[in-house]
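So the sequences go chain by chain: P, R and D. Counting along the first sequence from 1, when you hit position 372 you're at 388 in the numbering used here, and nothing is skipped either side. Counting along the second sequence from 1, when you hit position 174 you're at 190 in the numbering used here, and nothing is skipped either side. Counting along the third sequence from 1, when you hit position 48 you're at 49 in the numbering used here, and nothing is skipped either side.
No lab work stands behind these hints: they were computed from the structure. Check before you lean on any hint, since a few could be wrong.
As the list claims (entries may be wrong) - In silico SDA-like cross-links for lysine to any residue, where the CA-CA straight-line distance does not exceed 25 Å:
#: 1; chain 1: P; residue 1: 386; chain 2: P; residue 2: 373
#: 2; chain 1: P; residue 1: 546; chain 2: P; residue 2: 558
#: 3; chain 1: R; residue 1: 45; chain 2: P; residue 2: 373
#: 4; chain 1: P; residue 1: 526; chain 2: R; residue 2: 66
#: 5; chain 1: D; residue 1: 160; chain 2: D; residue 2: 112
#: 6; chain 1: P; residue 1: 268; chain 2: P; residue 2: 619
#: 7; chain 1: D; residue 1: 195; chain 2: R; residue 2: 43
#: 8; chain 1: R; residue 1: 45; chain 2: P; residue 2: 401
#: 9; chain 1: R; residue 1: 120; chain 2: D; residue 2: 109
#: 10; chain 1: P; residue 1: 323; chain 2: R; residue 2: 112
#: 11; chain 1: R; residue 1: 216; chain 2: R; residue 2: 154
#: 12; chain 1: D; residue 1: 160; chain 2: D; residue 2: 118
#: 13; chain 1: D; residue 1: 149; chain 2: D; residue 2: 82
#: 14; chain 1: D; residue 1: 195; chain 2: R; residue 2: 37
#: 15; chain 1: R; residue 1: 216; chain 2: D; residue 2: 27
#: 16; chain 1: R; residue 1: 120; chain 2: D; residue 2: 99
#: 17; chain 1: D; residue 1: 7; chain 2: R; residue 2: 43
#: 18; chain 1: R; residue 1: 32; chain 2: R; residue 2: 157
#: 19; chain 1: P; residue 1: 546; chain 2: P; residue 2: 597
#: 20; chain 1: R; residue 1: 27; chain 2: D; residue 2: 97
#: 21; chain 1: P; residue 1: 527; chain 2: R; residue 2: 112
#: 22; chain 1: R; residue 1: 22; chain 2: P; residue 2: 293
#: 23; chain 1: R; residue 1: 45; chain 2: P; residue 2: 338
#: 24; chain 1: P; residue 1: 547; chain 2: P; residue 2: 523
#: 25; chain 1: P; residue 1: 343; chain 2: P; residue 2: 511
#: 26; chain 1: R; residue 1: 18; chain 2: R; residue 2: 30
#: 27; chain 1: P; residue 1: 327; chain 2: P; residue 2: 338
#: 28; chain 1: P; residue 1: 564; chain 2: R; residue 2: 43
#: 29; chain 1: P; residue 1: 47; chain 2: P; residue 2: 232
#: 30; chain 1: P; residue 1: 268; chain 2: P; residue 2: 641
#: 31; chain 1: P; residue 1: 327; chain 2: P; residue 2: 346
#: 32; chain 1: R; residue 1: 45; chain 2: R; residue 2: 30
#: 33; chain 1: P; residue 1: 564; chain 2: R; residue 2: 21
#: 34; chain 1: R; residue 1: 27; chain 2: P; residue 2: 206
#: 35; chain 1: P; residue 1: 578; chain 2: R; residue 2: 264
#: 36; chain 1: P; residue 1: 519; chain 2: R; residue 2: 44
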Amino acid sequence: MILDSKIPAGPLAEKWTKHKFSSKLVNPANKRKYDVIVVGTGLAGASAAASLAELGYNVKAFCFQDSPRRAHSIAAQGGINAAKNYQNDGDSVYRLFYDTIKGGDYRAREANVYRLAEVSVNIIDQCVAQGVPFAREYGGLLANRSFGGAQVSRTFYARGQTGQQLLLGAYSALSRQVATGKVKLYPRTEMMDVVVIDGQAKGIVTRNLITGAVETHAAHAVLLCTGGYGNVFFLSTNAMGSNVTAAWRAHKRGAHFANPCFTQIHPTCIPVSGDHQSKLTLMSESLRNDGRVWVPKTQETAEKLRKGQIKANDIKDEDRDYFLERKYPSFGNLVPRDVASRNAKYVCDEGRGVNETGEAVFLDFRDAIKRDGRDVIEQKYGNLFDMYMQITGENPYEVPMMIYPAVHYTMGGLWVDYNLMTSVPGLYALGEANFSDHGANRLGASALMQGLADGYFVIPYTLGDYLASIPPKKVEEDHPEFAKVKAEVEGRIQKLLSINGTKTVDYFHKKLGKIMWNECGMARTAEGLKKAKSEIQALRKEFWSDVKVLGANEELNQSLEKAHRVADFLELGELMVDDALNRNESCGGHFREEYQTPEGEALRDDENYAYVAAWKYMGEGVQEELDKEPLVFENVKLTQRSYK
Amino acid sequence: MKLTLKIWRQKNASDKGGFVAYPIDGISKDMSFLEMLDVLNEHLTEKGEDPVHFDHDCREGICGMCSLYINGKPHGPQQTTTCQLHMRSFNDGDTITIEPWRAKAFPVVKDLVVDRSAFDRIIQAGGYVSVRTGGVPDANEIPIPKTIADLAMDAAQCIGCGACVAACKNASAMLFTSAKISQLALLPQGQVERKTRAEKMVAQMDAEGFGSCTNTGACEAECPKGISITNIARMNREYFSAVVSSDNL
Amino acid sequence: MSWVTKTLSSTLGRKLIMALTGLFLILFLTGHVSGNLLLFKGDGGEAFNIYAKFMTTNPAVKLLSYLTYISVIAHVIYSIILTQMNKSARPVGYSESKASTNSTWSSRNMGVLGTIILIFLVVHLQGFWAQMHWGEIPTVTYEGEEYKDLYLIVSEAFKQEWLVALYVISMGFLGYHLSHGFSSAFQTLGLNHKKYTPAIKTIGKLYCIVVPVLFASMPLYIYFTS
């Protein structure tokens, strides 16, 4: 099958403008005749729902949390990029485009990324107008900082809570539309499936999480703004409820899933403290500006450390290995996320890891405190140190911090064309749920930008183009397809409740997470991936015969919710492994050990793998089919990254 | 650690509910409070008993979904969210009492889960600036003094968890409501709808059945984000000046 | 419902009435305590009796006194309404509460304190205020003019230990009530400012000690000097 990306013709900088003009419009009087479903109320979902309701469409917005304000976009800390060039430091739309496409290791579409950079400036205007309290300078104008190694200061921020403030801005716009009656809100409601009629998405089936009622909702278009699937690893920086279910159901109804193996592992997270661990907490990357990363030189010393026989501060400088500084003399501790993460894994694999688990490295501020004084360090990182202390109970001013990489973001997702439409007409994917803009690696402060770009400034145009092509006739829920999908959903619920096996849902989730982390995490090998595939298959089989889900459907049942989500992760995991196995190269977050330079760096294969791997569901237990969308680079030259 | 958990169990909104004591062993001091409950739930599930339901999501102190009234305090002994509370705040052998938020406007859904949609309705009543997508001025056309922007940010940090309501002897939502009114009253963007916003949000807050403010300061002391009750004073100011000068009858 | 009644029946409006009446009563207390300081003059009550007559006959003072009655009544009625409302806002209570870690005892018990003060007020009014207005009080003549000898009533009354004790203890409760009420009224009115709030708080702390102590010292002074 040929996937048509529908990238408009013409010069890069004019594509979006021209496309907006050539898109069909819906007559203002007709807009109220169209119903749109938005699943998820994070940055992408809330901004899309609000913007579409403002245009006059009837919107139904769904979220599984108790309020739309709790979507996990809220947890983003650092900031949001925009090519405003307020600092007069040489930024431009083109530079943001270039940095993003290069940062993504040349595995994203030029046209999409350029559009993202183009609308980034509108996002800041929009958020400020909504009352988002961005950081300001004394003159009253907006402040910026440089982030994630960018050479220009283009990141707008609201303390360490930028995601929260942006989400609350979008939530307020959404709330305004709820008050006008243009948006109907369905909190504590989980999407269970998509209804496709005659090849077009016409609605969804949901489960009310409080009453258990399985309901159908019809609409002219369905927007999935349901975030990423990092929780397939069990431990990640995602929220506990973050899941792939909506995207996966769409996939099983015909939507291609693109680049599922592209996951971002963030190097500075608080390490796992034991088997009880439920999630990982991210610490800002900025810590690496002053902290030095090290482990003991020998296994023996590390062993003693782990057993508590010696303390980190007892280890002399000559017995320490500052491995990033040693391997990358010019970038040192500031190497990009993927490189830092991978190297931490290597030293731990060698048995030199610290912490009781042996899965952590030190991030030491001793020298920085000696150099600049404790006050300076406290000013820069005070809140992060407090957070670390709160969680670990250790004082990083006195003992070195311990960090370890953790799954943070998934670049892969539902395949979408330039209009954000999946391969199922009428079904759209926005934000982290789609694959479109970050290639194989996402730059810091770009996720917020993409979510809001999709919701505020892309979908209002591209959705109109689709709706104008279908008649404004009400979609009726009495179509037999609705009843059929509803029955399937109910059947699955009953199946899960009736297995009554011996193992809890978390048991399977943790086991899946271990397989994924070990074989499809920071470093992957063909051999390991093959092993993982069969292990996942076996685990899935065991799940469907031995999982224990208590209670009934007709009540708030958190075990049942989890069971649904984990069941889908068990299928997604295998596809991720397939994708990683297929991609015989290393790029961005995807590192295949067989494909590296002599210095141990990622070795891309542009000749054979400069494409989007879009997987098509072929049926239960059947190997998915790979469709390729070639990536054409007309404006940037593909180069190799080096940090020596 | 070995603990006894005295947990409020209630099957659904109409059930009467009551406390059930659960002994639990093998708790590590490094666990977060919610991870400790995860362990309990794994045990319960294995035994075939319905696990304890509680709200939680991000587990990093920002989404505001976790709640729990622990040993007589919202979010437990530390001024933080329950997800950021760790077991090292407790001692071996302790009995820990865990109750849901209690307020007429926050009805119990099940066990420790309550319905906080009243907060959403307060925001829907006016907690926004009415701007459409697009058609807004350049971000730097609205200069805002840094001190004002910082004050607005202090108020905007509210995570909507409801600890203020839970802590207040009157189950009052003044701190929550005032944080949003304050944020938008401080900023130039919020001026156009300033009066109507204050009137409508206060009216909605009252309609939800929250209590009044006795200025005890308990909300501020328990707020995991340290939202100050100066916001309540500002809300009062905004409201009184709005009702005497606005055109709304 | 007009906007006025709507406002006054809102939580904020009701609190506004509590704050305004409370502040007015604080003003009243200030006047009351200043006037009563004449008891310490040691002139056999002459200045005090002249003052008492002035207070019951001067038309401007009369107007103020009506405002005081209204304030007391409104303060009581609205406190009852608010308490009811606040109670209904939490129909099911907590089994365990550590409120003492987040707020002062007085701030949480304004209703209890107020009720005690109200009971005291009834005793107080019945003993002196009602006597002055309608009672059969012996008279004295200063410079040819006749005055009710309220001083005699006061000094006779405070020869009774139990009454002295009641007054002293009640002033303790008044102090607690004011310790929260004073600054709380300003907070409710929205009069909060970085520069002035600390001063208001300090004045409030002084006020809630000085005024009750002065009041309490009056019966004690009479008891020990008679």
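These are the hints, each one checked on the structure:
1. P:386 <-> P:373: violated (29 Å)
2. P:546 <-> P:558: holds (19 Å)
3. R:45 <-> P:373: holds (15 Å)
4. P:526 <-> R:66: It holds: about 21 Å lies between the C-alpha atoms, which stays within 25 Å.
5. D:160 <-> D:112: Judged against 25 Å, a Cα distance of about 31 Å means the pair is violated.
6. P:268 <-> P:619: violated (33 Å)
7. D:195 <-> R:43: violated (46 Å)
8. R:45 <-> P:401: With Cα atoms ~19 Å apart, residue 45 of chain R and residue 401 of chain P stay inside 25 Å; holds.
9. R:120 <-> D:109: Holds, at about 19 Å.
10. P:323 <-> R:112: The given pair, whose Cα atoms are some 32 Å apart, is violated under the 25 Å limit.
11. R:216 <-> R:154: violated (29 Å)
12. D:160 <-> D:118: holds (22 Å)
13. D:149 <-> D:82: With a Cα-Cα distance of about 40 Å, the restraint between residue 149 of chain D and residue 82 of chain D is violated, given a limit of 25 Å.
14. D:195 <-> R:37: violated (48 Å)
15. R:216 <-> D:27: The given pair, whose Cα atoms are some 33 Å apart, is violated under the 25 Å limit.
16. R:120 <-> D:99: holds (20 Å)
17. D:7 <-> R:43: Answer violated: residue 7 of chain D to residue 43 of chain R is near 54 Å, above 25 Å.
18. R:32 <-> R:157: violated (57 Å)
19. P:546 <-> P:597: holds (8 Å)
20. R:27 <-> D:97: Measuring from Cα to Cα gives roughly 21 Å; hence the hint holds.
21. P:527 <-> R:112: violated (31 Å)
22. R:22 <-> P:293: holds (23 Å)
23. R:45 <-> P:338: Distance ~31 Å between residue 45 of chain R and residue 338 of chain P Cα, so the pair is violated.
24. P:547 <-> P:523: Holds - the C-alpha atoms of residue 523 of chain P and residue 547 of chain P are around 20 Å apart, at most 25 Å.
25. P:343 <-> P:511: violated (53 Å)
26. R:18 <-> R:30: Violated, at about 33 Å.
27. P:327 <-> P:338: Given that 25 Å is the threshold and the Cα spacing comes to 17 Å, the pair holds.
28. P:564 <-> R:43: Within the cut-off at roughly 24 Å; holds.
29. P:47 <-> P:232: holds (22 Å)
30. P:268 <-> P:641: holds (12 Å)
31. P:327 <-> P:346: violated (30 Å)
32. R:45 <-> R:30: Distance ~37 Å between residue 45 of chain R and residue 30 of chain R Cα, so the pair is violated.
33. P:564 <-> R:21: holds (24 Å)
34. R:27 <-> P:206: holds (21 Å)
35. P:578 <-> R:264: violated (49 Å)
36. P:519 <-> R:44: holds (23 Å)
The structure is inconsistent with the numbered hints 1, 5, 6, 7, 10, 11, 13, 14, 15, 17, 18, 21, 23, 25, 26, 31, 32, 35, although it conforms to all the rest.
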